Structures are given as structure tokens and as C-alpha cells.
Amino acid sequence: MQLFTCPFCLKGLETTLHGVWGCDKLSPIWEQRNFVRVHGKSESINALMHKLKSAPTYTLHSGIASPCRYVIMTDASWCGGIAGLGAVLIDTESGHWFHNSCQSKAGSAMEAETSVLLLALQHARQCGWEEIHVLSDAKMVVEAFAAGKCPLDWSFFNVSLVILDLIKLFRVCCFFYISPSSNGFVDELAKSARLSSHNAGFVQGEGVPSVIPDYLSVV
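According to the UniProt record's numbering, the stretch in the sequence shown is residues 1 to 219, in order.
Certain hints may be false.
[Said to hold, decoys possible] With a straight-line Cα cutoff of 27 Å, these simulated DSS-like cross-link-like pairs (lysine-lysine) come out:
#1 K191 / K105
#2 K168 / K191
#3 K139 / K191
#4 K139 / K168
The set of hints was computed from the structure by calculation and includes no laboratory data. Since this is a predicted model, take the numbers as computed values, not measurements.
Whole structure, please, built from the sequences with the hints as guidance.
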């Protein structure tokens with residue numbers, strides 16, 4: 001497993017433990033979170049977010065613009081704290097595919113989109129996939145993880161850190177933004193799961209897999 005230097009402090013290794021306990025750049029975020037929980041109010045969250053935005057960035061995987069055997073498409077549907085998470089995982093060589101969906105709680109649409117990425121990456125690992133391309137219509141989330149960073153929302157920072165650790169377990173893990181119009185099938189999965197948990201589940205796909213958009217053309 002290849003380890004990376006923390007992109008915020010540039011001192012320790014980029015692990016979940018370092019992000020929570022060892023990073024002096026992130027410690028104000030956790031202190032602010034604890035302050036809010038204890039006192040019920042916050043100082044300037046925007047100021048803290050500005051510190052994170054000004055941190056140096058790096059590219060987790062660069063120069064990869066060729067087709068990948070394993071492609072994952074994700075989407076989330078969120079309303080009133082309830083989220084439907086949907087993911088389609090496709091083996092483009094064998095033609096085998098399956099989809100997974102579930103209902104979950106989330107504080108925002110961005111948290112839901114981040115949570116479904118965690119769900120999809122975990123299943124890819126369970127399948128033994130080592131090289132994956134991940135497609136999503138959540139642009140800010142995709143751009144953050146493509147740059148090896150957490151989306152700028154501290155409320156689900158722990159989930160984002162777990163994803164960054166999980167990414168490092170793959171030989172190749174690239175993120176691509178696709179338009180919502182290209183993600184219709186997965187969108188319907190997510191909406192269906194949000195409306196009823198009975199519609200959620202893990203299903204082996206039958207017939208021709210859902211269409212993969214030409215995402216490499218925009219790299």
C-alpha cells in the first residue's frame with residue numbers, strides 16, 4: 001500500500017488517525033466541532049474553511065486517460081435528512097454488473113454523495129478490484145477526492161477521511177465528473193431507495209449493463 005503525505009500540514013502520513021489526532025492544520029476544525037457541541041454555538045466556520053482551501057493540493061493519480069476494466073457509477077438522492085444511495089459496478093470485459101442501493105441518514109446532499117462513494121469503494125474492495133474509475137455527477141465531491149482532499153464540509157469529515165484511506169488500497173482509483181443526464185439509471189436507483197428502504201438492496205444485473213458515458217473525452 002502506498003502512503004501519501006498529509007496534504008494539509010505536509011508533515012505526517014495521510015491516515016485517518018493523523019487527520020483526527022496529529023494534523024495541526026486540521027485540529028482547529030475538531031476543536032470548533034467540540035466547541036459547538038458543548039456550547040451550542042460556533043465561531044467563524046467560514047474562516048476555518050478558508051484555511052483548508054488555502055492548503056496545498058496534489059493529484060492522487062495523474063495522467064491516466066485510458067479505459068479501465070472496472071467502472072463504478074454513483075449517485076445520491078437527498079431530502080429532509082433522508083438519503084437514497086445508489087451505485088452501479090460494471091466489469092466492462094466480462095459484461096457482468098450489479099447495482100447496490102440503500103437508505104441512509106445524511107445532513108446534506110453533499111454528505112449523501114460522499115457516503116455513496118464510500119459504499120461503492122467498499123464493494124469494489126470486496127470484489128477484489130484493484131483498478132477502478134469512479135463516475136459521479138457530484139462535481140465538488142469528485143473534484144475534492146480527485147485532488148486527494150476532503151470535500152469542504154466538516155460535518156462529515158470522518159467519512160471523507162475514511163474514503164481517502166480506502167483510495168490508497170487501490171492500485172488505480174480515478175474520479176470523473178459526469179453530467180446528471182448521463183447518470184439517469186443510478187439516479188433512479190437512489191431516488192427509489194430514498195422513497196422506500198424496501199426498494200433498496202444488492203442486485204446482480206441482467207442483460208446489457210447500463211450505458212457508461214464517454215467520460216474520458218473530458219479529461
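Tested hints:
1. K191 / K105: With Cα atoms ~14 Å apart, K191 and K105 stay inside 27 Å; holds.
2. K168 / K191: violated, 30 Å
3. K139 / K191: Distance ~19 Å between K139 and K191 Cα, so the pair holds.
4. K139 / K168: It holds: about 21 Å lies between the C-alpha atoms, which stays within 27 Å.
Comparing the model with each numbered hint stated earlier shows that hint 2 is the single one that does not hold.
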